[in-house]
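Novice: Chains as they are written, first to last, in this note's numbering: chain B, 1 to 355; chain P, 1001 to 1411; chain C, 2001 to 2287.
Keep in mind the hints are simulated off the structure, nothing from the lab. Since the structure is predicted, the reported quantities are computational estimates derived from the model, not experimental observations. Heads up, the beta-carbon is just placed ideally off N, CA and C, and yes, glycines get one too. Incorrect hints may appear among the rest.
To be verified - Here are the simulated DMTMM-like pairs of lysine to aspartate or glutamate, each with C-alpha atoms no more than 25 Å apart in a straight line:
hint, chain 1, residue 1, chain 2, residue 2
1, P, LYS1303, B, ASP173
2, P, LYS1334, P, GLU1094
3, P, LYS1093, B, ASP212
4, P, LYS1307, B, GLU46
5, P, LYS1299, B, ASP45
6, B, LYS127, C, ASP2035
7, P, LYS1062, B, ASP98
8, P, LYS1243, P, GLU1274
9, P, LYS1093, B, ASP98
10, P, LYS1118, B, ASP212
11, P, LYS1118, B, GLU161
12, C, LYS2183, B, ASP212
13, B, LYS127, C, ASP2101
14, P, LYS1407, B, GLU161
15, P, LYS1407, B, GLU309
16, P, LYS1093, B, ASP173
17, B, LYS127, C, GLU2118
18, P, LYS1387, P, GLU1301
19, B, LYS127, C, GLU2078
What the hints assert, rightly or not - Examples of chain C residues toward chain B, derived with CB under 10 Å:
hint, residue
20, ASN2029
21, MET2033
22, ASN2060
23, PHE2111
24, PHE2117
25, ALA2177
26, MET2179
27, LYS2258
28, GLU2259
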Amino acid sequence: MIHRECGIYKTSYQADMALYPLPIAKWTVAAFAVLLIVVAPIVLDEYYLSILNLIVIASVGAIGLNILVGYTGQISIGHAAFMSVGAYTAANLAVRFDMPFWISLPAGGLMAAAIGAIVGIPSLRIKGLYLAIATLAAQLIIEWTINHVPWISGGVQASIEVPRPSLFGISLDTQRELYFFLMFFAVLAVVGALNLVRSRVGRAFVAIRDQDIAAEIMGINIFRYKLLAFAISSFYAGVTGVLYTYYLGIANYEQFQLVVSIDYLAMIIIGGLGSILGSIFGAIFITLLPIAIRWFMEGFGYLLFTQAELMNIVPHMRLVLFGALIIVFLVLEPEGLNRLWQNVRNYFRVWPFAY
Amino acid sequence: MRPRFLLSGLGLLAGMAVTATPALAQSEIVVGLMCDRTGPTQTVGVFMCPGYHDYINLVNSKGGVEGHKIRAIEIDNEYKVPQAVESYQLFKKEGAVLVGLYGTPQTQALTQKLTEDKIPGTAPGFGTASAADGIRYPYVFPIAATYWSQGAAAVQHAKSQLGGLEGKKIAYIYYDNPAGREPLPILEDLEKIEGFELRTFAVPPPGVEMGPQVLDITRRFRADFVISHLFGRAPSVSIKEFKRSGYPLDKIVSFVWGHSEADIQAAGGWEATEGYSGIQFAGVGTDYAVLDDIRAMYKAEGKDAPKEMDSTVYYNRGVLIAAVHVEAIGNAVKAKGGGDISGEDVKAGLESIKDFSLTGLVPPLEVTPADHEGGGWVQVFRVKGGKFEAVGDWFRAYPEVLAKHLKAERS
Amino acid sequence: MSVAEPNGTPGRHSSARESAATNILTLNNIEVMFDGVILVLKGISLEIREGGITTLLGANGAGKTTTLKAISGLLRPERGDVTKGTIEFAGDRIDRLAAHDIVRRGIVQVFEGRQVFEHLTTEENLIAGAHIQRDTRHVRELAERVYGYFPRLAERRGVQAGYLSGGEQQMLVIGRALMSDPKVVLLDEPSLGLAPMVVEEIFDIVRRLRDEYGLTVLLVEQNATLALGLADHGYVIENGSIVLEGPADQLRDNADVKEFYLGLTEVGHRKSYRDVKHYRRRKRWLS
């Protein structure tokens, strides 16, 4: 993705509207795809693949939230609840009706989209903090409902065990097989989102975010598009929940509590609001940071502490460092990791002529 | 990654010099321990995890299990599921043959993976009651009384305290989450069998406000006995509320997460909580020879015993988990005739745990391939004279009722 | 006005528009109330002639922008409502329609203050403006037409709108409004905060749009000299009521308009406050 050009040479609309503005970008993306889809599963062992799997799942959820928060400018702290809607829908379909994943996965997404659209109704009249509170209420109501309706939750423990997804009779149960499974849907999610934000709908979202009244007098039905944003975002969340369910083999509401919503908000804020690539950066950052800090602390902590102290200090220092690093990154580049990346890229794009 | 190999090995040698030689490493047996010293359950983890390591260190300092040192890798998950997935994979990569699980959602999220990888995991006090069924969940081991067993034991305790339950009123006050509701079927069944009147009182999260429920129990329902199943801050709040409404605290029995030194302190100290009873699956207090051994080990190194040892409820549980791990590994090594054991061997080792009491700290567990709970043994402790005092011996209650429910759950 | 038939009826853009044109947009005695208590417009009647430029003059707070918002259906977000009277567009009542439906019928408003979508490029802003157009080829044609009128925008099509100059942003919002292929454009204070040269450039373009495509414009301006120079017909609004009305050249010659909106007085002659009072009385009588 380090490509160089000097000036704007676009002569047609097609060139200007292309997903990749330069031919070389296409090649770098292709190379990256090969690296992720072919090389990574061969080279990496199961442990690193499991980390990748967690990142892949989180990316889908972060992209979904970014469509709502970053692109449309509507805040939601109920993202995790929509994940649980998807998870329980798919789990019920898979267990009670023996549905394969290619039915239960979109079904989970659609159910989440429907619930999300309902939750989005107040967004017509309220904005900002007030909308945040409304979505918080949705989070709590959905949590409570799943917790208290055995018909949904599958019993008193509110957890439903789901068989592994199977493809052509093969049960996908190793990290490697699951990696391909998750990656397939993640690629669909990324391509779908990239195309969505460049489309008529995507521009309507941005218009609503930037100037909602101006958007309205361009003929954008604000209410409908806000609901659409909630529905699409929740669809992504629902799919994320389904992917989690298949990845772990269980749907459990405790995996989708309020803190998870906050984690996802952190991902898109650190990664970059209004950017698909930023969502992925954020998912990588938030997933890897605790692991990286732990490696670091365990690798170098013995210089300062004894082993017994270290056992107690590592987890706490990890929390402190986690918070501190997030602040440092945000101060360094308030627009997120994506902006940081763009700055680097643009520097090389015109290098050696800085103009 | 090299430093972490070295370091974790070091930790087991408890501060001794850097002597982790390759020869030693070969005969090492690796155990993964999830233990949350941060996050919502940190009040448990900060005492339990040191207890675990102290016992492992004690065993290693005496030459290890059948000549094999144990290397315990600890990871804190902040009670988050993705982190638990990552730590489990790390344990697996490091060659762990046994995993100490921590937290109900984490236990559930890893259940399928454990079965696929054939690595046993222990989950005392976590996970579902049905996990006691070793046929259904071959690689999950509660190794301690589940909420069902605790519910049965609480009824038994009430029966012995009241001298019969016919026509009595029992209130069940519980945290309104799946874990809190889990014992309900058992309690309802026992209501019919024993002929008492059961009424349930849910406390919504976060459980710091329960005045109305307590008033209901003491004034309107006029319960003869209270069974309480609360977490976090809620137990201490409940003690204060019952105290305020003049209810006798010795007519309350708590489940395993509502009866620790920290709860007593938060509720106003030992004097204020005199009589408050609770169910335990690991021995409580300091009168166990194994704890003296740990103190002696610290003394030999010229150190004071850690302050975590004072919080005996959770510290001793850490010791219990470690002891069960050591016992299972010992069984596996003996059966295999060497240190080259797999997860399956350790599973068999766990399933042959029998007749070991660890100087009374561990109940008379008997784990079998079908029963991963080990019988569901508990002991009731009561606040008396500034410490916890045992009320009677280890016991198990209504095993036939529990067996019936487990069977129904399986089908 | 559409690209396929750029001229509509022949002769519509000729000099005969003042007399021959029909009214495309009519406001019949409308009242607008905010929060159910504050009466802002007290019976406004306007007749907007097709293919002409009509201007609405008035001081700050007179109700000019509210009138525009009443037409484009934007009062509701501000808790306002048309409580009396009707607004008719091409023979249909539109005072009960939602804003996005009114755009579809062919009325588009250009706000004061140049509200561009800062994070989109110039071109993306234009494409966003064509939201109601489904045919992408038609969108291209509309964009080309806008670039034809605003060559400066063509030069800066790939630049983020937030980085455009004030004049360019004003051109962009007008261009963006044209992307919906409207019949009527409501222009709110296009000269606000711009250099006179730029204002002149923009007004020239508006004039060309009328002459070449028969675009109907309702222009709200504080700068009455400019507005009356451009418009065919004018209204003067004060305190929520129309106080004066007439062809632009007549209004230009009207003594009161000269005095109060054009700032022209006979050289060296100071008016006393008595005359002012007289004017106020006369206005009341007029309304």
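Novice: Confirm or reject each hint.
Specialist: Evaluation of the provided hints:
1. LYS1303(P) with ASP173(B): With Cα atoms ~48 Å apart, LYS1303(P) and ASP173(B) exceed 25 Å; violated.
2. LYS1334(P) with GLU1094(P): Holds, at roughly 23 Å.
3. LYS1093(P) with ASP212(B): With a Cα-Cα distance of about 52 Å, the restraint between LYS1093(P) and ASP212(B) is violated, given a limit of 25 Å.
4. LYS1307(P) with GLU46(B): Violated, at roughly 39 Å.
5. LYS1299(P) with ASP45(B): violated (43 Å)
6. LYS127(B) with ASP2035(C): Distance ~20 Å between LYS127(B) and ASP2035(C) Cα, so the pair holds.
7. LYS1062(P) with ASP98(B): violated (54 Å)
8. LYS1243(P) with GLU1274(P): holds (10 Å)
9. LYS1093(P) with ASP98(B): Given that 25 Å is the threshold and the Cα spacing comes to 34 Å, the pair is violated.
10. LYS1118(P) with ASP212(B): violated (56 Å)
11. LYS1118(P) with GLU161(B): Holds, at roughly 18 Å.
12. LYS2183(C) with ASP212(B): holds (23 Å)
13. LYS127(B) with ASP2101(C): holds (23 Å)
14. LYS1407(P) with GLU161(B): Judged against 25 Å, a Cα distance of about 18 Å means the pair holds.
15. LYS1407(P) with GLU309(B): violated (46 Å)
16. LYS1093(P) with ASP173(B): holds (17 Å)
17. LYS127(B) with GLU2118(C): Distance ~20 Å between LYS127(B) and GLU2118(C) Cα, so the pair holds.
18. LYS1387(P) with GLU1301(P): Roughly 29 Å separates the two Cα atoms, so the pair is violated.
19. LYS127(B) with GLU2078(C): OK: LYS127(B) and GLU2078(C) at ~14 Å, within 25 Å.
20. ASN2029: violated (24 Å)
21. MET2033: Interface hint status for MET2033(C): violated (20 Å vs cutoff 10 Å).
22. ASN2060: Interface hint status for ASN2060(C): violated (20 Å vs cutoff 10 Å).
23. PHE2111: Holds, because the Cβ-Cβ distance from PHE2111(C) to chain B comes to roughly 6 Å (cut-off 10 Å).
24. PHE2117: holds (4 Å)
25. ALA2177: holds (8 Å)
26. MET2179: Where the cut-off is 10 Å and the nearest Cβ of chain B is about 8 Å from MET2179(C), the hint holds.
27. LYS2258: violated (34 Å)
28. GLU2259: violated (35 Å)
The structure fails to meet hints 1, 3, 4, 5, 7, 9, 10, 15, 18, 20, 21, 22, 27, 28 from the earlier list, while all remaining hints are met.
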